[in-house]
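Trainee: Below, each chain spelled out in residue letters.
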Amino acid sequence: MAINVKLDRILLERGMSLTELSEKVGVTIANLSILKTGKAKAIRFSTLEAICRELDCQPGDILSFDE
Amino acid sequence: MTSKNRLAGFMSVILRIIYIISLVAMVILGIASVVMFFAVPVEGILDRINVDVDLHHDFVMSDFVDVAKAFITAVMFVVVSRCLMVVTQTISDGTPFEYDNADRFGIIARVVVYAELAKVAIVPFSAIVGGLMGVEYGEGGEISLNLTNFLGAGIALVLAEVFREGARLQEEQDLTV
Numbered sequence: 003m004a005i006n007v008k009l010d011r012i013l014l015e016r017g018m019s020l021t022e023l024s025e026k027v028g029v030t031i032a033n034l035s036i037l038k039t040g041k042a043k044a045i046r047f048s049t050l051e052a053i054c055r056e057l058d059c060q061p062g063d064i065l066s067f068d069e
Numbered sequence: 004m005t006s007k008n009r010l011a012g013f014m015s016v017i018l019r020i021i022y023i024i025s026l027v028a029m030v031i032l033g034i035a036s037v038v039m040f041f042a043v044p045v046e047g048i049l050d051r052i053n054v055d056v057d058l059h060h061d062f063v064m065s066d067f068v069d070v071a072k073a074f075i076t077a078v079m080f081v082v083v084s085r086c087l088m089v090v091t092q093t094i095s096d097g098t099p100f101e102y103d104n105a106d107r108f109g110i111i112a113r114v115v116v117y118a119e120l121a122k123v124a125i126v127p128f129s130a131i132v133g134g135l136m137g138v139e140y141g142e143g144g145e146i147s148l149n150l151t152n153f154l155g156a157g158i159a160l161v162l163a164e165v166f167r168e169g170a171r172l173q174e175e176q177d178l179t180v
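Going down the list, the sequences are from chains A and B. Letter by letter, the first sequence follows residues 3 to 69 in this note's numbering. Letter by letter, the second sequence follows residues 4 to 180 in this note's numbering.
Isolated chain A, as found in the complex (with noise of 0.2 Å):
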C-alpha cells in the first residue's frame, strides 16, 4: 500500500502504549492494531482527529505517502 502508517513511531516518542491511546480515543486496541500494521483500508475523520488531539500532531505525522 502507497500509504503508510507511523502511529509506532510517533506512540514512541510520545511514550504512549497502545491500551492507552486506545482509552483516550475510545477506539478498540483491535482497531488501532490494524491501523498500525497497516490493514486498515480508511480511517474515519473523526478517529484521525482524536488521535491527533491526544498524541498532539498533524494528521501528516502520522500518514506518509510512498511511490
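Just so you know, these hints were derived from the structure itself, not from any lab.
Cβ-Cβ distance ranges computed for the label pairs, FRET-style:
| no. | chain 1 | residue 1 | chain 2 | residue 2 | range |
| --- | --- | --- | --- | --- | --- |
| 1 | A | Ile5 | B | Gln176 | 13 to 23 Å |
| 2 | B | Asn149 | A | Leu20 | 58 to 68 Å |
| 3 | B | Asp106 | A | Asp63 | 35 to 45 Å |
| 4 | B | Arg113 | A | Glu56 | 44 to 54 Å |
| 5 | A | Asp68 | B | Ile158 | 37 to 47 Å |
| 6 | A | Gly28 | B | Glu175 | 14 to 24 Å |
| 7 | A | Ala32 | B | Tyr102 | 16 to 26 Å |
| 8 | B | Leu120 | A | Ser24 | 55 to 65 Å |
| 9 | B | Gln176 | A | Thr21 | 18 to 28 Å |
| 10 | A | Ile5 | B | Leu172 | 11 to 21 Å |
| 11 | B | Val16 | A | Lys43 | 30 to 40 Å |
| 12 | B | Asn152 | A | Arg46 | 41 to 51 Å |
A virtual CB, placed ideally from N, CA and C, is assigned to each residue, including glycine.
Using the hints provided, position chain B relative to the given structure of chain A.
Mentor: The following block gives chain B in isolation, referenced to the frame of chain A:
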C-alpha cells in the same frame, strides 16, 4: 430474535424440507433412470434377436427421458436448496455478505442453466441410443425449454454480484478504523 432472523429461520426450515424431499426423489429417480436406461435397449436387443422374454414392462425411450428429466430437476433442487439453506443460515447469523454466499449464488445459476441444457440434450441422446438399440422412442419426452428457470438463473447471477459487492463493502467497513 429479530423479525429478519425469524424469517430466515422459517425459510431455513422450509428449505430443509425441500432438500430432504429432493434428496429422496433424486435417489429414487436416479435408480429408476439407470434401470430404465438399460432396460429399454435390452428389451430392444432381445426383440431384434427374436428372443421372446417377457420382462413385465413396456417402457419406451420417451419414458426414460421423462424419468431422467425428473432426476435432473431433483438434482437441481438438491443443489439449490442446499446452497440457499447455507445462505439463510448466514442471514440468521447476521453475516450475509460473504464471498462464499456470492459463490453459492453463482453455483445456483450455473446448476440451473446446466440442468436446463441437460434436459434438452437428453432428448436427442436418448433418440440416438434408442435408434441404435432398435427400440421405439414413443410419444412424449419432447424437447422443452423452461425460460422461467433461465430467468431464475439470471436473477441468481445478479444476486451473486450483489453479494460480492456487499462482501467487498463489508470487508472495507470491517477494516475502517
